[in-house]
Amino acid sequence: MKCIRCDKDSNKRARAGGQCPHCSEPFAFDPTSGDPFTDAAFNKSLELVSGNGKVRWVDDNLRYELARRGGAGKAGCGVVGVFALGGALVFFGLIGAANGVFGLLVLSALGVVLLLAGAAVSLDRRKWKGQLLSKPELEEYLRRWAAAHKPPLTRIVRRREVERAPPAELAEYSFDRAVICDRSETVDLLLANNFHFENNCAVLSSGGYPRHIFDTVRTMLRNNPRLYVFALHDATVQGCMLAQQLAQSYEWFPSALVIDVGLRPGHTHGLEFAFQPATKLVPVNAPVTAEEREWLDKHTCELAGLRPDQIIKRLYRAMASAPDLSLGKYPNLAAAAAAAGLVVAGGYYVDQNALRSKAQASDGGGDSFG
Amino acid sequence: MSALCGFAGQAAPGVVEAMLAAITSRGERQEIVAVPGCTLGYRTTGAGAIARDERSVLAFAGTLAPGVESPAEALRERWPFDFSELDGAFALAHWSLPARSLSLCRDPFGVRSLYYVAHADTLYFASELRALLAIPQLPRTLDFAAIHKYLTFSFVPGDAMPFAGIKRLPPGQLLTFCDGKLATTRYFTLEEQLDPRFEEQDRAVRVVRRVAQRATRRRLFDTRRVALFLSGGLDSASVAVWLKHAGAEVHAFSLDFGEHSVERDQAREAAAALEIPQRWVPVTAEVIADAFERAADHLELPFGDPVTVPQFLLGRAASAAGLDTVFNGEGGDQLFGGWTNKPMIAAEVYAGMYEQEPASRAEMYLQSYHRFYGSEDELYSPDFKTRIGAPGQRRALLQPYLADDDHSFLSHIRTADIALKGSDNILPRAEAMASAWGLRLEVPLFDRKLARLAFRLPPQLKLHGACEKFVLKLAMQKLLPSANVWRRKFGMSVPITDYVLSPAFTPLREELLGERAVRARGFFRPQFIAELCSGQDQPNETRRRRVGERLWVLMMLEAWMRRFVDRSLR
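Chains as they are written, first to last, in this note's numbering: chain A, 5 to 374; chain B, 41 to 610.
Just so you know, the hints here were simulated from the structure itself, not pulled from any lab data.
The structure displayed is predicted, hence computed values, not measured ones.
No residue lacks a Cβ here, since even glycine has one placed at the ideal position from N, Cα and C.
Check the hints yourself; a few may be wrong.
[What the hints assert, rightly or not] Computed list of chain A residues with no C-beta within reach of chain B, every gap over 10 Å: (1) V59; (2) G107; (3) L119; (4) D192; (5) V207; (6) A282; (7) Q364.
[Unchecked claim] Partial selection, computed: residues in chain A whose CB lies under 8 Å from chain B: (8) P171; (9) F179; (10) F201; (11) I217; (12) V286; (13) A290; (14) A365.
Pulled out of the complex, with its shape left as it was, chain A reads as follows (with noise of 0.2 Å):
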């Protein structure tokens, strides 16, 4: 197992006491010893999780990648060595009782044990992937990673109280667009990622957080009649249903045009290792297609089976590609969000693509706000 600070390989027996033989640092985790992952996997999860420590996650976002990458990784040298050696016997095994020399056949008994255990050891890994820690797994093993090495600066974690409110007079003004997500975890990986800096936006969730700003966030928002509200959720039914909540409820928007960005069913290609099954029905007047209620009857997904960047990106592309209602271009609201590829739905449309594919940075056209 390699060290990955000094970058050093090292077997059980030399690494007593959890620490690496050579430089003498300790180690998080060792499978040898029942953990589903190296330090080198664990670290390398949390590189592509944070962009390579540019973008801030929540712990739902390491839960996912953990699961992405499957335990310590793709079958290393060894286990490739153990199948190569293991044929090898094998195959001299029986090329020697082919010429009578029935002694060696000890041979392949012993190739085939070390196939064996070979297969063993893959299998147990491929039947890791997929799987995922539970947020008290999570925390413990991410404990254990802050004392051998040090916390991910990347990872978001709530203060404990937020040092200062707002000043009055911000109830005052507004924002160009909001994003209500249906988790307050999602709308954590916005806001530490400065989204609402960089785009004019408001993040809220359905359920009202951020506590402390909530009601004065919301009262900014009603001080806009041309605000965009984009709908950001996971892959449920409850998820499915915001984007007409937040349509239909004058509470939140007495008029605000609102875009459902996703997740949606028909955005969840590639992201079959973070499939849940479901756990109820869709109610019979959800605002669903029928392709839609066939997947969801059978199966969920959390946005945060996404990586963070990803889940930035898309969204901005979302926002970019919103129709532009100010350019006095289109004769009514329909025709603007037709031209802009959006799907009228009961007093919202839905966006299909933005979530659906990787994003990168974009540039011109909408993309001049901010």
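Based on these hints, arrange chain B on the given structure of chain A.
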């Protein structure tokens, strides 16, 4: 066009001649007046001269608003005059013979610059930095702290210039130098003083319209044919309206970014509605690359805003059309609460929620420039890091503007924007790019009375919900097409990343930011710059233009270093 320079004290013979020789672009005619204790130098294309009598001498570079025929003489006669009404685009130097006292003064917002340096009991000064750098005996060392700030802001903020000891007089200030002692006082400050009469919206709208109209008229002088840089946004279109109402013959010049254009239709619509002739200035990567070095020749400080070279091209077009005065619409965002204020409001609402986040207002403000704040460890070489000085300098710059007090949050942000973005970036850069073509620049929105008015209006007339510049929109809605007034505006969008990463830019990019150049300069880590130049998609960036903006900052810095440091340092 004019410029001034000089010294108070003792200097070697020929100093002022050397200073004037460095600024020939400001006029073919020069004049030197030497009196006991002081020598003034002056360059001009026009009829102006240094004013003098037996008691005082005064050199004046620029224009007053309202204009007068001989501003130097008019001011000298009234000296010491009431500064409370002084406005325009100027730098001046006054020497009193009886008091043996020097006074230096700059316009309220900083359209014209004024630099000074004290050396061996003598104070040298000039409206152009080049003139100071031409003084033979003046030691010059690079001030890395100023470069460090430039990399955050994309311009050099504050009074400390990139040469140790050389300072820039802040706008709206008067400097006196007497008996070897230097003192500065403000003659113009902007402070929020809300006037309850302007709670009545109609009154506010009428007064804004009237004061803005007068601000424009005051800057016309006897010129009738003027160029206007028309972007299609509210501000420049409004200036077009006021110029027409003042009887000017307006010629619009607009940038055409081709398929990358965001505001072309709006610019066309405004010109058509106002019935003013419009010339399009095509902008492509090839055009920008071709003009880059010539534009950089005219910039005395590094300016990392991608709009710099397009402005240079606009000036070229206006000059080619035979015009000598240009108006622009800069200032609307700073005075009336433009879209640039909105990120700070969002940041303030959600501040302080997470561990490891910048919690202070100053840090968010620095981040709002989207250049290298927060990337120092990745960009700076270890050697460069040791030279930039103690931490906290950038936040210290912001402290006078952003500290909590009784004034509104919006007024804090606007004051910071006016002082930094306006005075240290927008105005001196625009003036440099206009004067490169012999054009006189006028910026009517940066008018003293208009600014005072803007700070008397209730904040909600500036940012009304999410509607920025609300009172200006109300004032102009019957005078301009709806698309120019009510369209959501987000700044001029120069497709800088496409340009800088295009094949047309490769030779320039290689020359200025190739590995050899970066290693030779020693400021930055070559790998970081190579990664920027590769245009790689970054996980933490949603906007591709950040790549181009950052590269542009670095290219401009290297171009400036070659002109002003490599050739002049001893």
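Check your understanding: Taking the closest pair, is the beta carbon of V207(A) still more than 10 Å from chain B?
Key -> About 8 Å separates V207(A) from the closest Cβ of chain B, which leaves it inside 10 Å; violated.
Practice item. With chain B as the partner, please determine if I217(A) meets the hint condition of a C-beta pair closer than 8 Å. Key: holds (6 Å)
Exercise for review: Hold the hint about P171(A) up to the distance rule: shortest CB distance to chain B must be less than 8 Å.
Suggested key: holds (5 Å)
**Study point:** Agreement of hint F179(A) with chain B interface, Cβ distance less than 8 Å
**Key:** Holds, about 6 Å.
Practice item. Have a go at the A365(A) hint: is there a Cβ in chain B nearer than 8 Å to its own Cβ? Key: Cβ of A365(A) sits 4 Å from chain B, so the hint holds.
Check your understanding: So is Q364(A) really clear of chain B, every C-beta pair being over 10 Å apart?
Key -> violated (4 Å)
Review point. Regarding the hint that V286(A) lies at the interface with chain B, is the smallest CB-CB distance below 8 Å?
Key: With a minimum Cβ separation of about 33 Å from chain B (threshold 8 Å), the hint on V286(A) is violated.
Practice item. Run the C-beta distances from G107(A) to all of chain B and say if the shortest one exceeds 10 Å. Key: Per Cβ check, G107(A) is outside 10 Å of chain B; nearest 60 Å; holds.
Practice item. Have a go at the F201(A) hint: is there a Cβ in chain B nearer than 8 Å to its own Cβ? Key: Result: holds, 5 Å to nearest chain B Cβ.
Point to revise | 10 Å Cβ clearance of A282(A) from chain B | key: holds (32 Å)
Check your understanding: Can we confirm that no CB of chain B comes within 10 Å of the CB of D192(A)?
Key -> violated (7 Å)
**Study point:** Assertion that L119(A) lies outside the chain B interface [Cβ separation over 10 Å]
**Key:** Correct as stated: the minimum Cβ-Cβ distance to chain B is 41 Å, above 10 Å.
Checked against the numbered hints above, the structure breaks hints 1, 4, 5, 7, 12 and 13 and satisfies the rest.
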